[in-house]
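Trainee: Sequence:
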Amino acid sequence: MIIDPQDRLRSTIRFLGNLLGETIIEQEGQAIFDLEEEIRNLAKEWRTVGDLQAFQDRIDALLGELIAEPQKMLAVSKAFTTYFQLVNLAEEQQRVHILREREQRAHEQGVPMNETIAHGLQRLHQEGLSVDEIQTLLSELFIMPVFTAHPTESKRRTILLKLKQIADALYALNYQALLPAEEESTLQNIQENIVLLWQSDESRDRRPTVLDEVREGLFYFEATLFHLVPRIYDELERALAQIYPGHKFKLPVFLRYGSWIGGDRDGNPFVTLDVTEEALREQKETILKLYNIETDALYQNLSSAQTRVDFSDELLASIERDFTLVPAAEVDVLERFRLEPYRQKLIMMFRRLRATRAENEVPWQNRASRSTADSQRNTRAYRNAQEFLDDLYLVRDSLNAHKGERLAQGRLAHLIRAVEVFGFHLATLDVRQHADRHRSAMNEIMERYGLATDYAQMGEEARVALLGREILSERPLTARLDFSDATNETVELFRLIRRARQEIGENAVQTYIISMTTQVSNILEILLFTRDAGLFGELEISPLFETIDDLLAAPTIMAALFENESYRKHLAARGNRQQIMIGYSDSNKDGGYLRANWMLFQAQ
Numbered sequence: 001m002i003i004d005p006q007d008r009l010r011s012t013i014r015f016l017g018n019l020l021g022e023t024i025i026e027q028e029g030q031a032i033f034d035l036e037e038e039i040r041n042l043a044k045e046w047r048t049v050g051d052l053q054a055f056q057d058r059i060d061a062l063l064g065e066l067i068a069e070p071q072k073m074l075a076v077s078k079a080f081t082t083y084f085q086l087v088n089l090a091e092e093q094q095r096v097h098i099l100r101e102r103e104q105r106a107h108e109q110g111v112p113m114n115e116t117i118a119h120g121l122q123r124l125h126q127e128g129l130s131v132d133e134i135q136t137l138l139s140e141l142f143i144m145p146v147f148t149a150h151p152t153e154s155k156r157r158t159i160l161l162k163l164k165q166i167a168d169a170l171y172a173l174n175y176q177a178l179l180p181a182e183e184e185s186t187l188q189n190i191q192e193n194i195v196l197l198w199q200s201d202e203s204r205d206r207r208p209t210v211l212d213e214v215r216e217g218l219f220y221f222e223a224t225l226f227h228l229v230p231r232i233y234d235e236l237e238r239a240l241a242q243i244y245p246g247h248k249f250k251l252p253v254f255l256r257y258g259s260w261i262g263g264d265r266d267g268n269p270f271v272t273l274d275v276t277e278e279a280l281r282e283q284k285e286t287i288l289k290l291y292n293i294e295t296d297a298l299y300q301n302l303s304s305a306q307t308r309v310d311f312s313d314e315l316l317a318s319i320e321r322d323f324t325l326v327p328a329a330e331v332d333v334l335e336r337f338r339l340e341p342y343r344q345k346l347i348m349m350f351r352r353l354r355a356t357r358a359e360n361e362v363p364w365q366n367r368a369s370r371s372t373a374d375s376q377r378n379t380r381a382y383r384n385a386q387e388f389l390d391d392l393y394l395v396r397d398s399l400n401a402h403k404g405e406r407l408a409q410g411r412l413a414h415l416i417r418a419v420e421v422f423g424f425h426l427a428t429l430d431v432r433q434h435a436d437r438h439r440s441a442m443n444e445i446m447e448r449y450g451l452a453t454d455y456a457q458m459g460e461e462a463r464v465a466l467l468g469r470e471i472l473s474e475r476p477l478t479a480r481l482d483f484s485d486a487t488n489e490t491v492e493l494f495r496l497i498r499r500a501r502q503e504i505g506e507n508a509v510q511t512y513i514i515s516m517t518t519q520v521s522n523i524l525e526i527l528l529f530t531r532d533a534g535l536f537g538e539l540e541i542s543p544l545f546e547t548i549d550d551l552l553a554a555p556t557i558m559a560a561l562f563e564n565e566s567y568r569k570h571l572a573a574r575g576n577r578q579q580i581m582i583g584y585s586d587s588n589k590d591g592g593y594l595r596a597n598w599m600l601f602q603a604q
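Under the working numbering, the final residue of the sequence shown carries the number 604; numbering is consecutive throughout.
If a hint is listed, it holds; no wrong ones were tucked in.
Calculated pairs, DSS-like style, for lysine-lysine (alpha carbon to alpha carbon, straight line, at most 30 angstroms):
1) Lys44 x Lys162
2) Lys44 x Lys72
3) Lys250 x Lys403
Derived by calculation from the structure, the hints in this document are not laboratory data.
Using the sequences and the hints given, assemble the complete structure.
Mentor: Have a look at this one:
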């Protein structure tokens, strides 16, 4: 056996290290391998002895050799970089193994595994929470992890893909009963990917763009989250049935994802209007592509025939409607499956998704918006995620009504849950900009229309009063974009948000974050911009309090804001809910770690 079950972590590291060693010899020669091994063994000796001075001469000699030959230094650096990437994979595999063992033991003991959904529900049950109380908790539950462009994760997407392929192969070696030929093929796959890791650049030859960061974030949705999210819901449903048997709970869409990548323009001039639109369209393309794959798989699977079972009238009627959208050249394909309605429906859904993707490739400025007549658009394309979801519901309901309950519970149920969570937006894009940028734009606009000669220098009370009057008025504020480039971009950003919500759905952009909020007027300025763009009451306007002084002032600022007539109208449209952000980074810089954390606690 390649990997020893009794010493799994050590043997996995040794196994991967040996393959890497073979690769280094093949690619760079024995001398580089020997040099890398000398450094590695020296580090192990040093760790054992603990006396740096005893090894100083050898260290100096090695450093001198590497400095004298930069290519040799690069090769050795590559060796250790790749080695530690493989060690990380081995440790992840070990964690998976430990979790599997714990779950198996818990199952044998008839108890939920610690730190699982079932374990949490069991504790709530033991504390006496009733069925109704659990349903209330579920109805109020909302979780939104948010992706950011993390500066410490610099792996390229291509490197991540190769590491994932190695991880998948390791999993197969550990947990699948492979035949000798299959094991040999799996080993070959690992070796190929290690060679490719060696031959691939760790970083690009240019600075990553914002869209590069967007695509790297999308990797995790494609590789993991899209398939994981339905399983989380499955686990919750199983746990509820186990802990509270005999009751059918209603599960809301409590899990969604957010992103700042492509929307956070505070201090980043590379996040332009075009970049934000492209980020939104890339997210939509990613999720539509995944839906296409799943819809095709369902088409391959759901071969139920009218000669064997019945189908709902609603499903059959929808297929008749779909036929009116089919070009003559495609009718023959659908006729092949005239006795298999699920397949007919799924073919049409697949092609409508493909048409939606084709429409999404066209920049918004180059085509009619979704608020225009369908005659100006591709009518085969889905207008929104709900239309696609309704088609999936038709298939599910027909299966459930005609002896297909088991068929409705598998891949179809997972796809439905994915669409409920990800929609056509995949992740809600938060937009963030610095308060000073809004102040500058508003100053120019107010001066242009004679509403204030020096808005930026007005007293806060007068500024709040002016903003309140303009928010409650109905006249357009920026009908013509003949301001400076910076002000035009600020105004157009809100129009872009409106277009995104039309094209993708309300979940495309939900929150506008104001960095360095220090005054009520910082928030009312955004409310005026949203009113002018036709977004009044539609966006969450989230002040971000960051410095120590701003954290201290935050309660007073929010209390005054809630007394403002124009803002109360906004809150009423939002169900009287307000999102507030507090910043740990700038408060740490401003007041130090201990004071900043205390002030964050106090502000909350």
